[in-house]
Amino acid sequence: MTTMTVRRVCLSAAVLAALTSVAACGGGDDTGSGAGGAVRADPIAALRSVQKKTSGASSARIEGTTVMGTTMSMKQTGAMDWSDGMTGTMEITYTGGTMGDALKQSGGDGTMQARYFKDGYVANMGEAFARQAGGKHWIRYSYDDLARLAGASGEVMKDQLQSSTPGQGVQALLASGDVKKVGQEDVRGVATTHYSGTVDVAELSTKNSAVDADRLAELKKQLSDAGITTEKVDIWVDKDELLVKKTEHGRMKTGELNSTVFYSDYGTDVTVEEPPASDTVDFQKLLEQQQGSAAGAS
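Note that the numbering used here has the sequence shown beginning at 12, numbered continuously upward.
Wrong hints could be hidden among the right ones.
What the hints assert, rightly or not - Straight-line alpha carbon distances no greater than 30 Å define the calculated BS3-like cross-link-like pairs of lysine-lysine that follow:
(1) K129 to K232
(2) K243 to K232
(3) K86 to K250
(4) K147 to K191
(5) K243 to K264
(6) K147 to K129
(7) K243 to K191
(8) K147 to K296
(9) K191 to K250
(10) K232 to K192
(11) K86 to K191
(12) K296 to K191
(13) K232 to K86
(14) K232 to K191
(15) K250 to K192
(16) K296 to K129
(17) K147 to K192
(18) K86 to K264
(19) K129 to K86
(20) K86 to K243
(21) K192 to K243
(22) K264 to K191
It is worth saying that the hints were derived from the structure and are not from the lab.
Computed from a predicted model, the values in this text were never measured in an experiment.
Let the sequences and hints guide you as you build the complete structure.
Printed below as a string of structure tokens:
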């Protein structure tokens with residue numbers, strides 16, 4: 012296994028972890044007072060209800076695009092179930108950035124499939140990777156291993172990966188403290204209510220009481236670590252108080268952050284299969300092999 016390959020594998024782990032942006036935007040569920048019932052005139056109460064209803068819907072089809080500065084741009088589509096941990100399958104196409112360039116330069120076509128399970132996920136790295144990995148196409152990433160590699164923020168990341176729901180995508184909008192109801196709009200033929208707000212990271216701890224203190228601190232650290240000082244968040248909600256669309260816009264250390272995600276077919280059946288063990292290599296073993304090769308060369 013070459014150093015370049017392992018670096019690319021590590022980057023893939025980080026990018027695939029970021030895919031939980033289709034489900035979560037920091038923190039866990041906040042279903043306190045104001046949740047339930049019809050959409051209300053008070054935007055905070057309405058969004059709490061949206062968060063509860065969407066999180067309780069158990070599954071959905073997901074389609075979106077994401078740009079994270081110069082690191083990557085990608086499209087993703089699939090279906091996720093969050094009734095008992097997050098499980099499902101996402102088809103990913105890297106359309107630009109250093110991640111997409113690395114895949115194409117190594118012989119890949121920029122496409123990848125990720126399958127999520129309760130304890131980790133697997134990623135199909137394609138034929139170019141298999142030629143360097145004894146014919147194995149899939150890498151398995153344990154959430155425990157990723158948490159250890161992430162250091163102090165590892166447990167937070169592990170929790171997000173294991174317990175994310177689209178309802179948590181409302182979290183940043185609740186945290187903004189200045190949520191506005193924009194009006195009624197159609198999204199792909201669905202009648203929706205549009206809400207908007209801007210998250211100012213510096214003001215999060217003093218401006219907002221709609222999100223509990225621990226989750227607020229978690230969200231603030233997540234945004235600050237990414238170099239995001241402000242982030243505009245918009246969501247569109249249907250008559251059943253289910254999330255239909257979410258967008259996020261801001262600036263990161265590496266450039267623009269732009270994300271658009273569509274949700275549909277709530278309650279859809281989601282099945283996900285483990286790839287054959289004979290076609291799968293463990294991420295931790297790849298790292299150990301690389302460390303062993305480096306020690307032998309020194």
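Okay, the hints, checked on the actual structure:
1. K129 to K232: holds, 25 Å
2. K243 to K232: holds, 17 Å
3. K86 to K250: holds, 27 Å
4. K147 to K191: Violated, because 50 Å separates the two Cα atoms, which is more than 30 Å.
5. K243 to K264: Roughly 16 Å separates the two Cα atoms, so the pair holds.
6. K147 to K129: The hint holds at about 22 Å.
7. K243 to K191: holds, 12 Å
8. K147 to K296: Status holds; Cα separation ~13 Å.
9. K191 to K250: holds, 18 Å
10. K232 to K192: holds, 27 Å
11. K86 to K191: Holds. K86 to K191 sits at ~29 Å (cutoff 30 Å).
12. K296 to K191: Violated - the C-alpha atoms of K191 and K296 are around 49 Å apart, more than 30 Å.
13. K232 to K86: holds, 26 Å
14. K232 to K191: Given that 30 Å is the threshold and the Cα spacing comes to 24 Å, the pair holds.
15. K250 to K192: The hint holds at about 14 Å.
16. K296 to K129: holds, 20 Å
17. K147 to K192: Violated, at about 50 Å.
18. K86 to K264: holds, 21 Å
19. K129 to K86: holds, 23 Å
20. K86 to K243: holds, 20 Å
21. K192 to K243: holds, 14 Å
22. K264 to K191: holds, 28 Å
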